Amino acid sequence: MTIPKTTLSFYLHIAVVAAIVFAIGSYFLSSQNANGTHNISSKESTYDRVMRTKTLRCGFATWYPNMVIDPNTGQKSGSSFDVMNKIGEILNLKVEWAQEAGFGTAEQDLLNGRYDALCADVCFEAKRTKFTYFSRPFVQSPLYIIGRNGDHRFDNDWSIANSGDIKAGVLRNTILEHLANRLVPKATQVDISELGADTDVMLALAAKKIDISFNNLISVDRYNAKNPGSAKTIGKPVGTCYSGFMLPHGDQKLKYMIDGAINEMIAEGSIAPIYKKYLPDDPRYWQVPQGDMFSKNDFNNK
4 MTIPKTTLSF
14 YLHIAVVAAI
24 VFAIGSYFLS
34 SQNANGTHNI
44 SSKESTYDRV
54 MRTKTLRCGF
64 ATWYPNMVID
74 PNTGQKSGSS
84 FDVMNKIGEI
94 LNLKVEWAQE
104 AGFGTAEQDL
114 LNGRYDALCA
124 DVCFEAKRTK
134 FTYFSRPFVQ
144 SPLYIIGRNG
154 DHRFDNDWSI
164 ANSGDIKAGV
174 LRNTILEHLA
184 NRLVPKATQV
194 DISELGADTD
204 VMLALAAKKI
214 DISFNNLISV
224 DRYNAKNPGS
234 AKTIGKPVGT
244 CYSGFMLPHG
254 DQKLKYMIDG
264 AINEMIAEGS
274 IAPIYKKYLP
284 DDPRYWQVPQ
294 GDMFSKNDFN
304 NK
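Using the working numbering, count along the sequence shown one by one with no gaps and you end on 305.
I should point out that these hints are in silico values taken from the structure, not numbers from a laboratory. Among the clues, some could well be false.
Unchecked claim - Simulated pairs of lysine-lysine, PhoX-like, Cα-Cα distance not exceeding 25 Å: (1) Lys97 with Lys46; (2) Lys229 with Lys280; (3) Lys235 with Lys256.
Keep in mind that this is a model prediction, so the values were computed, not measured.
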């Protein structure tokens, strides 16, 4: 390299070299590195990947009637299964049922890219929106406090359950934990299971591992059909589950696309026939929200 002979030429030389280094560095930072990976600033969004692959990878958690897996064949069915497959049809996307997941761990799963959406519908909770998006709700159902048949401690006043002597069954980071915190904050919470389903809640109740929990009417009815007189609802509904899919936080394009398909299904009346396949056509079990995000019908116990 030629050494500059004057002070001016020396500084000009340094400036030119610095400009070249900066330009080369900027190029590599905005491009793929030698290993073929992207810099964070150019990371592909979930929406962009879905559009590129024409595939939506679904996580799923079991809870009747949302998602049911036949233990013998592995065949999947359920209302969420049917709704999401219809969304895939509307959007001309392949729906890949990638892996089983937990309702309470979906935020971290989505952040880690384990799947593109939790495609078993989940009850909307405001605190979870700090870390995840929810699609537009496409079904709503009343939630009850449930207990064992023959246990009459809470029949006339369920607030008696707000005591450290009472064990309340919850699934962490779900609507069950939210209801326990709101309604019986002094009760001792018992975590059913990270991958817990509706049947796990009912079994824990029957085994006297818990005294109360929270569930929808169909779970109680289905359990009693096989185990007559085992469980009961206590009093009036104490909340409403507005259900939608969970999506990656910040990916507005993906949410807008999924919401658009759900809006179209609601407008065309194609949600209700799906639920009628699995549940009685009765507002005690389910309704399709109309108009705004939340229906004016509210089952909350005042």
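Within a Cα-Cα threshold of 25 Å, do Lys229 and Lys280 meet the stated pairing?
At roughly 20 Å apart (the allowed maximum being 25 Å), Lys280 and Lys229 satisfy the hint.
Measure nothing beyond the straight line between the CA atoms of Lys235 and Lys256; if it is 25 Å or shorter, mark the hint as holding.
43 Å, violated
Is the straight-line distance between the alpha-carbon of Lys97 and that of Lys46 25 Å or less?
Within the cut-off at roughly 23 Å; holds.
Hint compliance for this structure: hint 3 is the single one not met.
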